[in-house]
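Peer 1: Take a look at the letters that make up each chain.
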Amino acid sequence: MTETTSAFGSSRVKRGLADMMKGGVIMDVVNAEQARIAEDAGAVAVMALERVPADIRSQGGVARMSDPDLIDSIIAEVSIPVMAKARIGHFVEAQILQALNVDYIDESEVLSPADYVNHIDKWNFTVPFVCGATNLGEALRRITEGAAMIRSKGEAGTGDVSEAMKHIRTIKGEVARLSALSKDELYVAAKELQAPYELVAEIASTGKLPVVLFVAGGVATPADAALMMQMGADGVFVGSGIFKSGNPQARANAIVKAVTFYDDPSVIASVSRGLGEAMVGINVSDLAAPHRLSERGW
Amino acid sequence: MSVGVLALQGDFREHAAVLRNLGAEVELIRRPEELARISGLVIPGGESSVMDKLARAFGLADPLAKAVRAGLPVYGTCAGLIMLADSVIDGIRGQQTIGGLDIAVRRNAFGSQTLSFETDLDVPVLGASPVHAVFIRAPVVETVGPRARALATLPDGRCVAVEQDNLLGTSFHPEISGEYRFHEYFLQKVADARFRH
Chain A
1 MTETTSAFGS SRVKRGLADM MKGGVIMDVV NAEQARIAED AGAVAVMALE RVPADIRSQG
61 GVARMSDPDL IDSIIAEVSI PVMAKARIGH FVEAQILQAL NVDYIDESEV LSPADYVNHI
121 DKWNFTVPFV CGATNLGEAL RRITEGAAMI RSKGEAGTGD VSEAMKHIRT IKGEVARLSA
181 LSKDELYVAA KELQAPYELV AEIASTGKLP VVLFVAGGVA TPADAALMMQ MGADGVFVGS
241 GIFKSGNPQA RANAIVKAVT FYDDPSVIAS VSRGLGEAMV GINVSDLAAP HRLSERGW
Chain B
1 MSVGVLALQG DFREHAAVLR NLGAEVELIR RPEELARISG LVIPGGESSV MDKLARAFGL
61 ADPLAKAVRA GLPVYGTCAG LIMLADSVID GIRGQQTIGG LDIAVRRNAF GSQTLSFETD
121 LDVPVLGASP VHAVFIRAPV VETVGPRARA LATLPDGRCV AVEQDNLLGT SFHPEISGEY
181 RFHEYFLQKV ADARFRH
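Protein chains in written order, with my numbering: chain A, 1 to 298; chain B, 1 to 197.
Next up, chain A with everything else stripped away, as it sits in the complex (with noise of 0.2 Å):
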């Protein structure tokens, strides 16, 4: 028998988990009903937090980490993976969260963000970490703090798909032009990215980023989830678009399956029939710059 010994909350544990939720749908939950829902709908995971992006958005205030009880009814009531919120810079809510048991904890620009200068120094949790990103840039300096997977922002709460296109097509054009350069470019490319040179060459040599990358923030039906799927996206987060839809059971449905035949348009037809009201979209070209999510964060 070989001495062994067991590692928790590695890297490749914590990016690890990410890799599985790939080709899947990550929904925004509020109690344990809308969990239950999800997950019969063939969520990969779910996102716990008190209110949907589309309600902070209209009721204002301060957002903070949800209810611990919250929290745990909607373990409680589901076995995929649980995900939770806490605010930008807010190690205390991470502490909380990991001491929940939640599985990946998403520090995110839709709550009040609470250090304007520092994101959390995730290398210090056993837990993963989920962050937004809207650039290559903003995505290496969250990995160099320990992310263990990227979303890109979007515009949380809109149903405007624009925004999530912005982000995903610059993420990857960037990436892209990282492989096209040499190694003395490297160097410039680094300091222009704000991001440590050896994470910067790493990508130029892979082609893509060290962590799995979602798509988040204005997802609002099968065919908004397929165009990112289609984009590059490991998998997409849908927050308020179904449970603020007229029908959250069909749409969950629908998304789901159109992540998974995200190339086959039939497909994607046939499960967009039936599906009632989609969410109430605000355009973000509406939206005065105070109110955008997307530019929290930097």
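Fair warning: there could be bad hints in the mix.
Rough simulated footprint, nothing fancy, chain A against chain B, three-plus residues with beta-carbon under 8 Å [said to hold, decoys possible]: (1) 17-23; (2) 170-180.
Sample of chain B residues at the chain A side, in silico, Cβ under 8 Å [stated by the list, open to error]: (3) E14; (4) S49; (5) A57; (6) T114; (7) I136.
I should point out that these hints are in silico values taken from the structure, not numbers from a laboratory.
In this text, a Cβ means the ideal position worked out from N, Cα and C, and glycines have one as well.
Fit chain B to the known structure of chain A by using the hints.
Peer 2: Chain B in isolation, oriented as in the chain A frame:
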């Protein structure tokens, strides 16, 4: 003929990359008609409840179960192991499996993600050097029936790798740790099965 990787959800691209590195021709499988083109199948890691739901919704579950019983070599990791188990403990409401392995598997047997881990594991059929095994919200084989055989156990005695004729299953993920020997072992089963036909 090529080797398929079930591509409904999960880390199917990692499996495809390992198999291609070992020289296999790989097809990603999502539809029943695609099963005719393959001489072996890998069911990847992912969420077993999602794979089960999609496999049934798109008519893949029954033909796959028939193919397994007709001798198609299949290797399942984590969620894939659950899909191959005759019986699943702690599944979601209504969860079904393709079955074939005479085992009972407990889903998510270690607890939340903070209890996921990596460790070295002795797997005698793969040789003396240990396998580096990554367990992510992993299942364990709680009961090994008379037709199945345990290939590896944790120090506490819990079974985490099994085989039975054409079938191979592991609780952990060789596809993300650079460990190729399970896939080689599986490709040998594929080659043997083709020879027999």
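Peer 1: Each hint: holds or not?
Peer 2: Verification of the hints:
Coverage of the segment 17-23 of chain B by chain A is violated. Counting CB-CB distances below 8 Å, 0 residues qualify, and the rule asks for three or more. Here the segment 170-180 of chain B counts 3 residues with a CB under 8 Å from a CB of chain A, which clears the bar of 3, and the coverage holds. Taking 8 Å as the C-beta contact cut-off toward chain A, the hint placing B:E14 at the interface holds, the least distance being around 7 Å. Of the supplied interface hints, the one on B:S49 holds, with its beta-carbon coming within about 7 Å of a beta-carbon of chain A, less than 8 Å.
Proximity of B:A57 to chain A holds as hinted, the smallest CB-CB distance being about 7 Å (cut-off 8 Å). Interface hint at B:T114: satisfied, since its Cβ lies 5 Å from the closest Cβ of chain A, which is below the 8 Å cut-off. Checking B:I136 against chain A by beta carbon gives a least distance of about 5 Å; that is within 8 Å, so the hint holds.
Checked against the numbered hints listed earlier, the structure breaks hint 1 alone; every other hint is satisfied.
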